[in-house]
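Residue numbers (the numbering used here), protein chains in the order written: chain D, 1 to 164; chain Y, 1 to 358.
To be clear, the hints were calculated from the coordinates, so they are not data collected in a lab.
Don't take every hint at face value.
What the hints assert, rightly or not - Covered stretches of chain D (in silico footprint by chain Y; criterion: 3 or more residues with CB under 8 angstroms from a CB of chain Y, positions within the stretch not fixed): (1) 24-33; (2) 36-48; (3) 61-75.
Unchecked claim - Cut-off 25 angstroms, straight-line C-alpha distance, at most; resulting in silico cross-link-like pairs (BS3-like, lysine-lysine): (4) 35/D - 186/Y; (5) 177/Y - 27/D; (6) 35/D - 159/Y; (7) 38/D - 186/Y; (8) 114/Y - 80/Y; (9) 84/D - 97/D; (10) 110/D - 97/D; (11) 46/D - 177/Y; (12) 38/D - 177/Y; (13) 31/D - 150/Y; (14) 159/Y - 38/D; (15) 35/D - 177/Y; (16) 240/Y - 186/Y; (17) 27/D - 159/Y; (18) 55/D - 67/D; (19) 31/D - 46/D; (20) 158/Y - 35/D; (21) 80/Y - 100/Y; (22) 87/D - 97/D; (23) 31/D - 151/Y; (24) 46/D - 151/Y; (25) 80/Y - 27/D; (26) 38/D - 150/Y; (27) 31/D - 80/Y; (28) 38/D - 158/Y; (29) 31/D - 158/Y; (30) 80/Y - 46/D; (31) 69/Y - 31/D; (32) 31/D - 100/Y; (33) 138/D - 117/D.
Unchecked claim - DEER-style ranges, computed between Cβ atoms: (34) 252/Y - 46/D: 41 to 51 angstroms; (35) 89/Y - 26/D: 12 to 22 angstroms; (36) 177/Y - 49/D: 37 to 47 angstroms; (37) 241/Y - 61/D: 53 to 63 angstroms; (38) 331/Y - 56/D: 46 to 56 angstroms; (39) 107/Y - 31/D: 16 to 26 angstroms; (40) 26/D - 241/Y: 23 to 33 angstroms.
Keep in mind the model is a prediction, meaning the values are calculated, not measured.
Positions of the beta carbon are idealized from the N, C-alpha and C atoms, including for glycine.
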Amino acid sequence: MNLVTPGIGLVFWTTLSFSIVMLILYKFAWKPLLKSLKEREEAIAKAIEESQIAKKEVEEIKKNNQKLIQDAYKKAEEIIEEAKKTKENIITEAKQKAIEEANKIMEATKLAIETDKKNAIKEIKSQIIEYSVLIAEKILKAELSEQNKKEEYIKKLMNELNLN
Amino acid sequence: MRLIICFILVCFSRCLTIFSSETHNKHTTNFNPGDFIIDHILDAHEWHIATINNTHISIPLPVIVYSYKQKKLYFFLSNKFHRGESTYNNLRLVTEGKLKGKIVEVDKYGNIDKEAPLPLDLSITKNVLEIFIISIILIIVFTSVARYYKKDPHRPPKKIASFLEPLILFIRDDIAKSSIGENYHKYMPYLLSVFFFIFFSNLFGLIPFFPFGANVTGNIAVTMSLALFTLFITFLTANKFYWLHIFNAPGVPWWLKIPIPLIPIIELVGVFTKPFVLMVRLFANIMAGHIIALGFFSLIFIFGAKHWAFGYSISIISIAFTVFMTLLELLVAFIQAYVFTLLSALYFGMAIEKPHHE
Chain D
1 MNLVTPGIGL VFWTTLSFSI VMLILYKFAW KPLLKSLKER EEAIAKAIEE
51 SQIAKKEVEE IKKNNQKLIQ DAYKKAEEII EEAKKTKENI ITEAKQKAIE
101 EANKIMEATK LAIETDKKNA IKEIKSQIIE YSVLIAEKIL KAELSEQNKK
151 EEYIKKLMNE LNLN
Chain Y
1 MRLIICFILV CFSRCLTIFS SETHNKHTTN FNPGDFIIDH ILDAHEWHIA
51 TINNTHISIP LPVIVYSYKQ KKLYFFLSNK FHRGESTYNN LRLVTEGKLK
101 GKIVEVDKYG NIDKEAPLPL DLSITKNVLE IFIISIILII VFTSVARYYK
151 KDPHRPPKKI ASFLEPLILF IRDDIAKSSI GENYHKYMPY LLSVFFFIFF
201 SNLFGLIPFF PFGANVTGNI AVTMSLALFT LFITFLTANK FYWLHIFNAP
251 GVPWWLKIPI PLIPIIELVG VFTKPFVLMV RLFANIMAGH IIALGFFSLI
301 FIFGAKHWAF GYSISIISIA FTVFMTLLEL LVAFIQAYVF TLLSALYFGM
351 AIEKPHHE
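Turn these sequences into a full structure, and let the hints steer you where they fit.
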């Protein structure tokens, strides 16, 4: 019977000491302990969240970078293309200009040649005329030394004139 | 590894203390296993450490007693009683019979005064002292752990904190949060305190030598006090739905409430059965563990009384079984603390539950 009859003294002391222990532990142990455990959990949760956000940001940045790189490539290609075009344009323009210039020069040269030729021909003509007059003079001098021949020749010339 | 060595040492010393304490019994009187076991389980006014060559080594504990007959409060050490052999202040410690272990009034002829009411015994007994020791250890351990966390809450736990933190988190998450719900915060100090109080008491009860080894949680007075705490906290925090459910349960036909309040009576009984069950379960489990271990040791002396060879041969089996039982008791120490805390949390959860209508 002693085993299952609670002693008043023990009940009293248990209640008293347990209450005191609970109060002291509440004030000095459970409160700070639970608080710091919670703080730690929150800090961990926050850190995880932040890291996830950072991860997302990094991914976005990566995407942006890739976009930027692609855009840059595109732009570079465009620029190169444009450069090629302008180059061709420049070349063709230059060619045309050159051709035009050449043509102009040719024309001018032709003109100069023509005038020179004309002058030359003129000169040659006048020279020839001079020479021929000279020669004719000499020949006539030589021919007309003989009398009969003189008449003959005059006749012949007269005939020729008549014919014309 | 260190734990295992400690454990083996504990088992050995457990055997040794009981051997030494029983040498005395063996020589003088016939060994009575019943008395031997009950003496070890019950509370005492002195802390018996060992008996060597018929000299008892024990620590006298303070007796605080209020005598209704003399209308006086006495405060003295228990060795004044000389183990029940002498009377002091007209008081005597009974060593035999129905009132064994109690302090009684003595009339002027030196006989027990059966008429007078038993004096109020508020002595610092073995269990009370053990409770004080446990309380001090609890306070030292947990305030130091808390200080560790105060310094830097983000540091991972080390040393004793690494052992206690999972337990605290276990109580918070798996006991309080899951059985009480959102408002679990206000119950946490009680749940944590009661868990560690029971857990430490159970563990210290397994260590056989001074200053441990008192059968604290295997004493019905202790478990009753703890169960009453649960009951009162339930009452103090219960919402109106809890009381409504007890006295006027919704959904129950009226003829079960009037004229004979059958359901209210059943519900009211249920309110008190819950802490009663808490009290009995913890008490019976821990006491049973102590009884079994002591029973195995009693076997040694029972067989040893026939012939010494029997005693030695049975001792091997007894010690093997006791080691096994102590291992089992380590598990029981945790499980019982867990069950007490879990059921308390469940009762609190019921007390603050809001009705959920379909």
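Hint-by-hint comparison with the structure:
no. : hint                             : in the structure
1   : 24-33                            : holds (count 9)
2   : 36-48                            : holds (count 5)
3   : 61-75                            : violated (count 0)
4   : 35/D - 186/Y                     : 13 angstroms, holds
5   : 177/Y - 27/D                     : 21 angstroms, holds
6   : 35/D - 159/Y                     : 20 angstroms, holds
7   : 38/D - 186/Y                     : 15 angstroms, holds
8   : 114/Y - 80/Y                     : 22 angstroms, holds
9   : 84/D - 97/D                      : 19 angstroms, holds
10  : 110/D - 97/D                     : 19 angstroms, holds
11  : 46/D - 177/Y                     : 21 angstroms, holds
12  : 38/D - 177/Y                     : 14 angstroms, holds
13  : 31/D - 150/Y                     : 10 angstroms, holds
14  : 159/Y - 38/D                     : 20 angstroms, holds
15  : 35/D - 177/Y                     : 16 angstroms, holds
16  : 240/Y - 186/Y                    : 18 angstroms, holds
17  : 27/D - 159/Y                     : 23 angstroms, holds
18  : 55/D - 67/D                      : 18 angstroms, holds
19  : 31/D - 46/D                      : 22 angstroms, holds
20  : 158/Y - 35/D                     : 18 angstroms, holds
21  : 80/Y - 100/Y                     : 17 angstroms, holds
22  : 87/D - 97/D                      : 15 angstroms, holds
23  : 31/D - 151/Y                     : 14 angstroms, holds
24  : 46/D - 151/Y                     : 20 angstroms, holds
25  : 80/Y - 27/D                      : 40 angstroms, violated
26  : 38/D - 150/Y                     : 12 angstroms, holds
27  : 31/D - 80/Y                      : 45 angstroms, violated
28  : 38/D - 158/Y                     : 18 angstroms, holds
29  : 31/D - 158/Y                     : 19 angstroms, holds
30  : 80/Y - 46/D                      : 65 angstroms, violated
31  : 69/Y - 31/D                      : 47 angstroms, violated
32  : 31/D - 100/Y                     : 44 angstroms, violated
33  : 138/D - 117/D                    : 30 angstroms, violated
34  : 252/Y - 46/D: 41 to 51 angstroms : 49 angstroms, holds
35  : 89/Y - 26/D: 12 to 22 angstroms  : 40 angstroms, violated
36  : 177/Y - 49/D: 37 to 47 angstroms : 21 angstroms, violated
37  : 241/Y - 61/D: 53 to 63 angstroms : 55 angstroms, holds
38  : 331/Y - 56/D: 46 to 56 angstroms : 47 angstroms, holds
39  : 107/Y - 31/D: 16 to 26 angstroms : 55 angstroms, violated
40  : 26/D - 241/Y: 23 to 33 angstroms : 27 angstroms, holds
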